[in-house]
Amino acid sequence: MLKITLGDLHRIAAGAITGVLAIQLKRTLEEVTPNHEYQKDISVTYLHALVPLTGMGMNGEVLFQIPVVFATMLAIELLGKNGDIEELRDLAGELGNMISGMVKSELTSVGFSGTLGTPVVTSGSRKTLRAETNSILCHTEWLCEGHSLSLHIQYRENSF
Amino acid sequence: MIPKILTVDDSKMIRMMLTRLFSPYLCELYEAGNGEEALEVAGREKPNLIILDYNMPVMDGVTMLRNLREDEALRKTPVILLTADSSAGLISTVARLGVRDYMTKPFHEEQLLAKASRIIDLMRRTPDQTA
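The listed protein sequences correspond, in order, to chains Z and C.
Mapping of the first sequence onto numbering that gives the first Met the number 0: residues 0 to 159, in sequence order.
Mapping of the second sequence onto numbering that gives the first Met the number 0: residues 0 to 130, in sequence order.
No wet-lab data here; the hints were simulated from the structure.
Some hints could be false.
Unchecked claim - Below, simulated SDA-like cross-link-like pairs (lysine to any residue); rule was C-alpha separation at most 25 Å, straight line:
| no. | chain 1 | residue 1 | chain 2 | residue 2 |
| --- | --- | --- | --- | --- |
| 1 | Z | LYS80 | C | LEU20 |
| 2 | Z | LYS2 | Z | SER104 |
| 3 | C | LYS114 | Z | GLY18 |
Computed from a prediction, not measured in an experiment: that's the story for all the values here.
So that you can see chain Z by itself, here it is in the shape it has in the complex:
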């Protein structure tokens, strides 16, 4: 049986989000505490990419959130033009996919065997994964060039 702690999930989340932003977007992130003032701005619209992880003996979700305005800036940089909403959703989904891939890779190194689902991308106000019984839920919050990003991972062992 896998023994994952909250500390393990936090380390995995931090490595995944900082790795993807650094390698693919040449960005550095600063971790901030949950309930940081940036997260309380209700005028900000976010793109959410939710990726399911399904495996033998465990399952979970990875939720990545990025403000639409920051995704727009990244799209201009990557595409050389303003992305339309579908392109922004595509960007958020692909970043969520890469981050989840790194999360899965780290979980694999401690014995996880399973698959990544397809990212489901939505938009709106900030979301939070609801903690479930017998699960470990890790919330991490980040600032990048003044924009608030988040990565939440929920991990639960299956009961048979």
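With chain Z fixed as given, assemble chain C onto it according to the hints.
This is chain C only, laid out in the frame that chain Z set:
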């Protein structure tokens, strides 16, 4: 001969990133959003290199590779797999299907260029050869 590169990914963003990455080089670029489209483009254009994602709707990268290897005209086409999935099972499957190289996302652009240039001649465009 100007090399032809086919990029296959359901993410338009990734396809556009790859187009931007290769556009300074003398090559013809083609795109497909899934394995089925990719087989159609490959059959028509006979690319010299395919950069292929794994997890795609309609037809995934492994199914596309299997079809490619069964096509007499396309079976030797070099393929670089570019995917967020780094599972040992996938690597072993695509290795058996003869992929030339494997990269995980997120990817360093210069590493992908280096891998591509080991397969095809990538020559920088001169000012009168702009894409």
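Here's how the hints hold up against the structure:
Restraint check for LYS80 of chain Z and LEU20 of chain C: the C-alpha separation of about 16 Å stays at or below 25 Å, so the hint holds. Using a Cα cut-off of 25 Å, the hinted pair LYS2 of chain Z and SER104 of chain Z holds, with the two alpha carbons roughly 16 Å apart. Between LYS114 of chain C and GLY18 of chain Z the alpha-carbon distance is near 21 Å, which keeps this suggested pair within the 25 Å criterion.
The earlier numbered hints are all upheld by this structure, with none contradicted.
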